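**Q** Here is what each chain is made of, one letter per residue.
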Amino acid sequence: MFGKYLENVRKMSPIVHSITNYVTVNDVANALLAIGAKPIMADDARDAAEITKICSALNINIGTLNEMTVKAMFAAGKEAKKLGHPVILDPVGAGAGSFRTETALGIIRELSPDAIKGNISEISTLAGALGAGADEADAQAGGKTKGVDADMSELINDENLLRNIRLAKSLAKVTGSVIIITGAIDLIADENKCYAVRNGHPDMADVTGTGCRLSAMTGAYIAANPQEKTEAAAAAVITSGLSGELAAERLGKRCGNAAFRDAMTDSLYLMDAQTLEKGEKYEIY
Amino acid sequence: MFGKYLENVRKMSPIVHSITNYVTVNDVANALLAIGAKPIMADDARDAAEITKICSALNINIGTLNEMTVKAMFAAGKEAKKLGHPVILDPVGAGAGSFRTETALGIIRELSPDAIKGNISEISTLAGALGAGADEADAQAGGKTKGVDADMSELINDENLLRNIRLAKSLAKVTGSVIIITGAIDLIADENKCYAVRNGHPDMADVTGTGCRLSAMTGAYIAANPQEKTEAAAAAVITSGLSGELAAERLGKRCGNAAFRDAMTDSLYLMDAQTLEKGEKYEIY
Amino acid sequence: MFGKYLENVRKMSPIVHSITNYVTVNDVANALLAIGAKPIMADDARDAAEITKICSALNINIGTLNEMTVKAMFAAGKEAKKLGHPVILDPVGAGAGSFRTETALGIIRELSPDAIKGNISEISTLAGALGAGADEADAQAGGKTKGVDADMSELINDENLLRNIRLAKSLAKVTGSVIIITGAIDLIADENKCYAVRNGHPDMADVTGTGCRLSAMTGAYIAANPQEKTEAAAAAVITSGLSGELAAERLGKRCGNAAFRDAMTDSLYLMDAQTLEKGEKYEIY
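Residue numbers (my numbering), protein chains in the order written: chain A, 9 to 293; chain B, 9 to 293; chain C, 9 to 293.
Heads up, some of the hints might be wrong.
Example chain A residues on the side facing chain B (calculated, C-beta under 8 Å, incomplete) [said to hold, decoys possible]:
(1) 20
(2) 37
(3) 47
(4) 54
Derived from the structure by calculation, the hints contain no laboratory data. Bear in mind that the values here come from a model prediction, so they are computed numbers and not experimental data. Ideal placement from N, C-alpha and C gives every residue a C-beta, glycine not left out.
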């Protein structure tokens, strides 16, 4: 089902402006190129809005935010909204530090992102603050941030699946955003429906930046498929997860995380609609 | 012809100070090491000039400029000029944002870089603002920036070659800089002559930072060959393009852009004067 | 002897907060993941202290310091000391620029790092300023910084070994820190004893960030082995050096520095206690 969304990315080749952390920014750029999109980065307030004008999507990632870049996020975000570009928020570390939490909430309130992608700790923090899915969020209160690459293989499983789907839909309703919660199972929800995606590979948790790449890719997918944001976001999640599976297949035996990182990017580059549809594993709730 | 320029880099092992974007800075550092030079980065105004003192060249790349780093660019640039070190400017995104355009023009006016390397959009913007090659620059007015990695395989071809050579020579005359325009054909010009280089591989456009690496490498080549700046810059361009060709050869069949990125760097590392001269493809105009 | 220190890292999986340069930060993150630790980065003063709270160690690297990040270093450092987390200092470029030297000295004086890791130029500069090992430091006065990746294969050898061991012990006594001096032979000293480690491979000097990775890894090792800081630091040095040897073995013939970089990270990922103990090469002085 999801092949056409990738095809549209490759046809449109959208430029995605990423205001993102400097830890994984190179991975983000090469992942965008791998799926056929184009990266540009500008994180100074004097520059960011103008650069947004020549782009098709804006990806805001607060992984290493500072006072200067936060100004650029809002400047670019307002321009992107004015132009009707999709805005993606990756609230890295929300809940782990108040500057991060407040910035993420400010972006949600002022910019109404088209999609918000986080792990369950981050999403629960935001949901709690926004009064969404209070019951479900409370149940996650024990979920502490374990470093930004920590929770990928955890927390969402078959046992707590339905509760987390309710949380995602509830936050989607309150924010108007597509909500993406990453984990062993990934959820992609709007207020009416939720895709539960079972693609991915445990070794992805040993590579920094898989989540950052996904946010940027989500920007490209929504830019190229603006009428079906939820499906576009699900396609991005499946593409990312499947790149991990294909990397593990290509490498065969146990390898290191550097080889795995590159094999994921290469798998993105080589992926086509047919491969995607053959590999996609999802349910709809 | 160009082998000796690489040999001189490996003999001198120049330290190249790069004030560059955080997207591709790691690639820049490893590319410098690959050709036998040494990288150092310092982008705070309190630090940049002093660091320049222990270096042999300064590479200024405005890919993710901000108010702090712009101050460092000028501070380091003035020191480099005082010391007679070559200064390279990579005006990433000039024309796409006024802060970038103004900064690039300010650097040209105040620092007189030894070389300026851009794609045709960037160079046309600068030429237009500086009153160089007005007719040729106008003809490019339709060329819009398509993301910083976008234009590498485009725009300069056999049809428009002579016009672009005139543009490059004209801008070289006005600025006193060696002008490098990258594209399917790369041009390296001073006011009297222009090398048209046909090395390179289309897949280089799918890897972020090939241009950023080239700027830094140009700094190393000019530092090690100060009497022949134009030839040194052409040698850097050929080395870079040939690394893409050799990468494609090594990898054989279609691979991903992560493998290609690493294969380019490895090809730089393994390149010697003989390989360079065997592979160089250029004409002089 | 050193296998258990790695095992403890893998058991504890400490989160290491790194305020580090943007050149090699991605390598730092993946190296931490490779040894079983977890990375997080936050370099704004409004954010850094809070992020430190959820971590187990703080790694401060001044490779691309600026006025904003220096504030974050001190804010996070004070929090880390309050919480009893190990603090590691990598004084990149101390001696090459006064802002760097002063910042490094300020961190030593105010934060009393648990470990300080530098090359001989950097350590001599600090020792001289702190009145430690004056005779030994003077003897190094000719040692100029040759770029941040320059001195790894140089300067400490069997001829000057005993003098450098005295320098390391003397600086350890003055600062109360474990002192790590990297070179062809690496030294890890407290005031009473010094490990001289002979692991490593010359090609490591052609990859940017090997030192930055080591500092971060040292944070993880000390966090997981808090009762034996000197041995933990030595284990980190051995792990790093051995990853270079194993990379060279895996790659066989001469390869490029991109392949070598990845092979080092992969070797870290695949390393176990047995491999470490089989490969460790050290003497105690």
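**Q** Tell me the numbers of any earlier hints that the structure contravenes, in ascending order.
**A** 1
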